[in-house]
Amino acid sequence: MKNLAWIIKEIIPFWPRVCLALLLSALTVTSHIGLMATSSYLLARAALHPPLMDLMVTIVGVRFFGISRAVFRYFERLVSHDVTFRVLSRIRVIVYEGVEPLIPAYLKDLRKGDLLSRIVGDVEVQQNLFLRVLAPPLVAVLVLLGYGGFLANIDLGFAYVLAAAFLASGVALPLLIRALARGIGQRKVQAKAKMHIYILDMLQGMPEMLAFGQSKAMGQRIQKTQSELSQADRQMARVTGISNALMGMVANLGMLAVLVLGIVYVDKGQLDGVLLGMLALGVLSSFEAVSPLPVSQHYLEENIAAGQRLKNLVDEGKKVLELDADENRRSKQYAEADSRQSPAIEFSNVSFQYHADEPQVLQNLSFEIPVGSRVAVVGPNGAGKSSVVNLLLRFWEPDSGEIRLNGVNIQELCSQEVRARIGVVTQKPHLFHATIKENLLLAKPEATDEEIHEAARQAKIHEFILSLPQGYDCLIGEEGMKLSGGQQQRLSIARVLLKDVSILIFDEATKGLDPITEQELIQELFALLEGRTLIMITHNLELTKDMDDILVLDKGRAVERGKHHDLMLREGQYRHSWDEGYMQKVLFTNT
Amino acid sequence: MGAIALGVGIAFLAIVQAYFLSQIIAQVFLEDVAFAQVKGLVLGILGIIGMRAIFQYFSEVMAREAAIRVKEGMRKQLLQKIIFLGPVYVRGERAGELLNTAVEGIESLDDYFARYIPQLILALVVPIMTLAFVIPRDYSSALVLIVTGPLIPFFMLLIGKLAEKKSLRQWQGLSRMSAHFLDMLQGLATLKVFNRSKAQAKVIGRVSEAFRRSTLSVMQVAFLSAFVLEFMGMISTAIIAVALGIRLINGTIPYSEALFILILAPEFYLPLRTLGLYFHARLSGTNAANRIYDVLELESGFDEKGTSQAGLQELVTKIDQERFEVGKGNPWLRFNQVELCYEKDGEKALENIHFDVQWGEHIALIGPSGAGKSSILQILLRFVKPTGGEVWVNGIDIEAFSAEDWRGMLSYVPQKPCLFAGSIMENLRFGRADATFEEVVKAAQQAKAHEFILCLPQGYETLIGEGGVRLSGGQAQRLAIARAFLKDAPLLLLDEITNALDTENEKDLLLALEDLGRGRTVIFTTHRMQTTLRADRIIVLDEGRIIEQGSPQDLMETAGIYSRFLRTYRREEE
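Top line first, the protein sequences correspond to chains A and B. Take the first sequence: its position 260, counted from the start at 1, is 260 in our numbering, and no numbers get skipped. Take the second sequence: its position 437, counted from the start at 1, is 437 in our numbering, and no numbers get skipped.
Looking at chain A on its own, in the form it has when it is part of the complex:
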């Protein structure tokens, strides 16, 4: 329960709505009781052949309850969903604020991919918290108090029977079910996870599976997991069966007990026989209030597990945030004017590894990039190119060594300061499922339409955007336009141009464009960005020819450095790779 307290705290501010929802829900059940009770009372009275006028009030009661239940139910659902959505909004914001400081460096499993979807799923699960976990027991208590009070008015004995039956079906039964179901849910989740892995294996490894004739073995493995899964399903079915059976039994026994008690009272003359049918049918109807309780157990466990995971995230986020705040207080003001002479970027003896159990991605790396120069960073996969960018943006901190921006150690600056100076375009830019304009405005919220169009023109995407039905207001992403890889990259280039920074990093930014457009775009960018510092991380060595300087990385070290011409003469790794790429090109484009 402790892990849910922080979420329950978010529900409390909405207490008037919560109370309304609970009241409406209790009234819904009460209407059902009322309909069956007044109806049987009506029949019993009518059986004594009184004048019709005497029954008018009862008839009105029957009609009222006949209508009211549906109305109460309808509004109860609206109000309780409203509360749920409000709380979900709050949880989303809290979780976002918790995750924000953690990305990307502190979320270790981030690269496993599904972490973020799991967070979203865990938030989603909380929609059951009020609807299915908290409300049902509260409503059951309300009904017990209300209807029990009504019964106590007739005779205390009936109220005791009702309370006993409610306790049996609302407390004892859920506890029993929980004991019986212990471990089954877990087993099912495990079997399903295994199934997931094995089927994934089969899909991804199908070429080898077929080539090595192993489909039967793989099939058997899946079959075995399927049996485990089915076994868990069967056990669960038995528990649900017991739950359904006992719930029905307790309700009917409760009704029977009230009936027998009533008969005894009538025998003794303590009770008017007219009330007998009303009591039996009313009690039976009242069990509607406890029937959701066994199921709410199941939801409770799910909510606790999800709530725990979210809480851990949020707590960790808060810790990191405090560290950041600490650091910001100490950070210096960035003074560009003073540091005009220093290199734009300077790495000195930087070493770095992402995790203690992984190899070093940068080893004693040192290099300088002068202000206004255009430098290419090349090297094979895993050479450390992207890690340079990650460190520069202060997504991670180096293990040793210093990184200086215009002569200032970036650790002395707050990360916002650093990021405000640098523009990055990556190979797979993230574009939000929003309009094109909104995506561009991200870089500069106060930009005018003119500025936006200009940036798009420079990135050679303006014409394309105008050709879209809604132009700049066109939605992109799943529900809107699907953009090609090239179009996405151009949009993200436009976004960076809008940001207007002194240092630009293109991380494989033009990969996937056709060679001619790529050349053209790069040329134009060069002209446009004259005077700014430009770092181009690339595999395409055609693009490096015109750079001021080329930095060749390999295994986290700078192995070569110089202009294209010099490096070609040196016959090192650069020359080797260049030849390979060049030959491919010559071979297949000139024929």
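Calculated from the structure, these hints are not laboratory results. Treat the hints with care, since some could be wrong.
[To be verified] In the DSS-like style, the derived pairs of lysine-lysine whose C-alpha atoms are separated by at most 30 Å in a straight line are:
| hint | chain 1 | residue 1 | chain 2 | residue 2 |
| --- | --- | --- | --- | --- |
| 1 | A | Lys311 | B | Lys202 |
| 2 | A | Lys482 | B | Lys348 |
| 3 | B | Lys81 | A | Lys194 |
[Claimed, not checked] Derived coverage of chain B by chain A (criterion: at least 3 residues anywhere in the stretch with Cβ under 8 Å from a Cβ of chain A; other residues may be distant):
| hint | region |
| --- | --- |
| 4 | 50–58 |
| 5 | 251–262 |
Even glycine gets a Cβ: it sits at the ideal position worked out from N, Cα and C.
Go by the hints and put chain B onto chain A.
Frame of chain A, contents of chain B only:
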């Protein structure tokens, strides 16, 4: 079926219970009988309550059992179909989609088959059964039921048309809200670069609120269908009660009968109302079923020919003969005017491919990406069937053998080998299931994998793949080569395996590959020029056609592109 029969049984018991109940109450109330005289009826109800509980238990168990069977069958069918469609179908993003359908999609059939379908039938049978008890007792109440009963499905359909769309949008609304949230989390790094990440929390709150408002307005309509259901059931019970009351005053119906009908009225509507509750089960069930059938109904691009065991036997002996007749000069494998289109009327991936392979020859396929190198391997792996021409082995069309038997004669090492969830030992035995421990170790040694395996925490028992220790690309490839050593097949297919490796790894790997290739026919694709020099013959492909072929020496003499290429390369080397 059992579940439905039990469901009908439960409803019948409820009717009997209602009858007993009305008798007891009427007797005690109107005839002032003592408890002792109704004791029998009370015990009868007690018995019915017990029986209902037993029925209830078994109906749940049987309904779930039926659903379990359906799920098992469906999953098996789906997976078999996917294997049948082959690796060319299961590519890229589609793999994720299929995975989802095969795991979650099938699971979501659970409630559809265990709840919705049985309830659908009960909603038809139980009201009619109930009616059968009401009609002989009271025509007017029966009339109310007959009129309002069908009205419920009618209104459900009427509003349903509207509400279902709205309900669909409601579910979509919920998932859209999640999608937006996920989008923000995924884009957090981008937001940070633009220093927007802090401000975005407000946006999330705002968008969440907007979603709440729009979803609620949708729900106002969506909940109407439930409202109508509830309203019809309740108001008709009320109408029946009032009508019965008036007839009782007039003395045209006995009290016990009236009470019996009153208790039955809700039973009449109950199955219909329960059915309404399973709307979501129906929705997700039919969605999943549609996705499953979309796959099941796909036609495979190629039809499997029957196994010809005799033919294979013949082939195996021929191979054995050939083993001793290396260099005799007869083509062992021939691509005869092969043409391949992946899609009907699509672009040709291969055109006019014609080449011979001698027994024991090493053939390099080179060309830019998309030239058709992989397609040739796909054909040899029998993942696709040529749309024109044929592939012969010793003069026999390879289609004459079943794909499984054919693949028994080849080993395959892909660029990115798949490591399966399991131990290294299990992964290596993939090459030959009955290999002894010593044989596996020997293969690993030959593949230069033994040493790094011993360095792992549990050696050969170390778990790898999803959830296990992560291996580097080079290590994975060495395991794949060890598999090929174990399988010891005469034909070896290598797909770009030295592409993304650093020089150190590559040396080891090349040594291992050289060992592996000895005495076998090898067909490999590559981007690396060095490796082509070791081939007996090179086939240069571009845009699905062969533009040059011959031994490295021949090609150099013909002054084609390969020679030009190689000359440049040689000059650089000097």
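Under the criterion that the straight-line Cα-Cα distance not exceed 30 Å, is the pair Lys482 (chain A), Lys348 (chain B) satisfied? holds (27 Å)
Given that the region 251–262 of chain B was listed as covered by chain A, double-check it with a C-beta distance under 8 Å for 3 or more residues. holds (count 5)
Hinted pair Lys311 (chain A) and Lys202 (chain B), Cα distance within 30 Å: Roughly 20 Å between the alpha carbons, so the hint for Lys311 (chain A) and Lys202 (chain B) holds.
Just to make sure I understand the rule, a stretch counts as covered if three or more of its residues have a C-beta closer than 8 Å to a C-beta of the chain. Does the region 50–58 of chain B meet that for chain A? holds (count 7)
Proposed proximity, Lys194 (chain A) with Lys81 (chain B) (alpha carbon, max 30 Å): Measuring from Cα to Cα gives roughly 21 Å; hence the hint holds.
Violated hints: none; the structure is consistent with every hint.
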